[in-house]
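For the record, in the sequence shown the residue sitting at position 35 is 35 according to full-length UniProt numbering, with numbers rising by one throughout.
Hints in this document: simulated from the structure, not taken from any laboratory.
Since the structure is predicted, the reported quantities are computational estimates derived from the model, not experimental observations.
Just so you know, even glycine gets a beta-carbon here, dropped at the ideal spot from N, CA and C.
Be aware that a few hints might be false.
[To be verified] Derived DEER-like restraints, expressed as beta-carbon distance ranges:
hint: 1; residue 1: A94; residue 2: V69; range: 34 to 44 Å
hint: 2; residue 1: E32; residue 2: Q59; range: 16 to 26 Å
hint: 3; residue 1: Q35; residue 2: S57; range: 27 to 37 Å
hint: 4; residue 1: S8; residue 2: V69; range: 18 to 28 Å
hint: 5; residue 1: T98; residue 2: G36; range: 28 to 38 Å
hint: 6; residue 1: H51; residue 2: D28; range: 18 to 28 Å
hint: 7; residue 1: Q97; residue 2: D28; range: 11 to 21 Å
hint: 8; residue 1: D27; residue 2: D125; range: 11 to 21 Å
hint: 9; residue 1: G112; residue 2: P92; range: 39 to 49 Å
hint: 10; residue 1: A94; residue 2: A72; range: 16 to 26 Å
hint: 11; residue 1: E86; residue 2: Y121; range: 33 to 43 Å
hint: 12; residue 1: V69; residue 2: S95; range: 13 to 23 Å
hint: 13; residue 1: Y121; residue 2: T87; range: 26 to 36 Å
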Amino acid sequence: MSSALLQSYYEAFNRGDAAAMLDLLTDDVVHEPSQGAVRTGKAAFADFLTHMNRCYSEQVIDPVLLTTVEGAHGAAEFLLEGRYLETDGDLPPASGQTYRLRVGAFFEFVDGRIARVSNHYNLADWLAQVG
Numbered sequence: 001m002s003s004a005l006l007q008s009y010y011e012a013f014n015r016g017d018a019a020a021m022l023d024l025l026t027d028d029v030v031h032e033p034s035q036g037a038v039r040t041g042k043a044a045f046a047d048f049l050t051h052m053n054r055c056y057s058e059q060v061i062d063p064v065l066l067t068t069v070e071g072a073h074g075a076a077e078f079l080l081e082g083r084y085l086e087t088d089g090d091l092p093p094a095s096g097q098t099y100r101l102r103v104g105a106f107f108e109f110v111d112g113r114i115a116r117v118s119n120h121y122n123l124a125d126w127l128a129q130v131g
């Protein structure tokens with residue numbers, strides 16, 4: 001079940017289907033981004049997705065999905081191909097730059113839903129690609 005849940009999550013991500021992504025989360029989901037503050041709850045995650053979709057267009061490429069035997073934890077590794085659409089805060093100015101990053105993500109599952117999403121990537125690599 002957990003591998004199928006992750007597959008559904010990344011398929012929704014690649015479609016840009018925030019509603020489908022949110023449907024896979026617990027109400028009190030914890031989101032730990034690679035950079036920035038931890039967010040808690042679906043509303044905070046939805047705000048994050050809105051912001052990201054405004055500033056970036058991204059696709060997950062060739063995800064490798066792993067889950068623990070008991071199904072409480074999972075991980076994913078993938079390439080993230082993207083385009084920087086709109087300047088994001090104090091980051092470099094956006095002008096449609098493209099980038100490609102290796103990303104690692106870690107998950108916790110509760111009652112058939114994703115309860116924690118923790119994403120990690122090399123910010124210095126991204127800055128070098130878009131800067």
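A quick look at each hint next to the structure:
Range check, A94 to V69: about 43 Å between beta-carbon atoms, so the 34 to 44 Å window is met. Distance hint check: the CB atoms of E32 and Q59 are about 22 Å apart, consistent with the given range 16 to 26 Å. A hinted range of 27 to 37 Å for the beta carbons of Q35 and S57 is inconsistent with their spacing of about 19 Å. Checked against the hint of 18 to 28 Å, the pair S8 and V69 passes, with Cβ atoms roughly 20 Å apart.
Checked against the hint of 28 to 38 Å, the C-beta distance between T98 and G36 comes to roughly 23 Å, which is inconsistent with it. Against the hinted window of 18 to 28 Å, the Cβ-Cβ separation of H51 and D28 comes to about 20 Å, which satisfies the hint. With their beta carbons about 36 Å apart, Q97 and D28 fall outside the hinted range of 11 to 21 Å. Range check, D27 to D125: Cβ separation about 34 Å, and the 11 to 21 Å hint is violated.
Remark: the range hint 39 to 49 Å for G112 to P92 is upheld by a beta-carbon distance near 40 Å. In this structure, A94 and A72 break the distance hint of 16 to 26 Å, their C-beta atoms being roughly 38 Å apart. Between E86 and Y121 the beta carbon distance is about 19 Å. The supplied range of 33 to 43 Å is therefore violated. Taking 13 to 23 Å as the suggested C-beta distance range, the pair V69 and S95 does not conform, at roughly 47 Å.
Evaluation of the 26 to 36 Å hint for Y121 and T87 yields a failure: the beta carbon distance comes to about 19 Å.
Hint violations for this structure: numbers 3, 5, 7, 8, 10, 11, 12, 13, all remaining hints satisfied.
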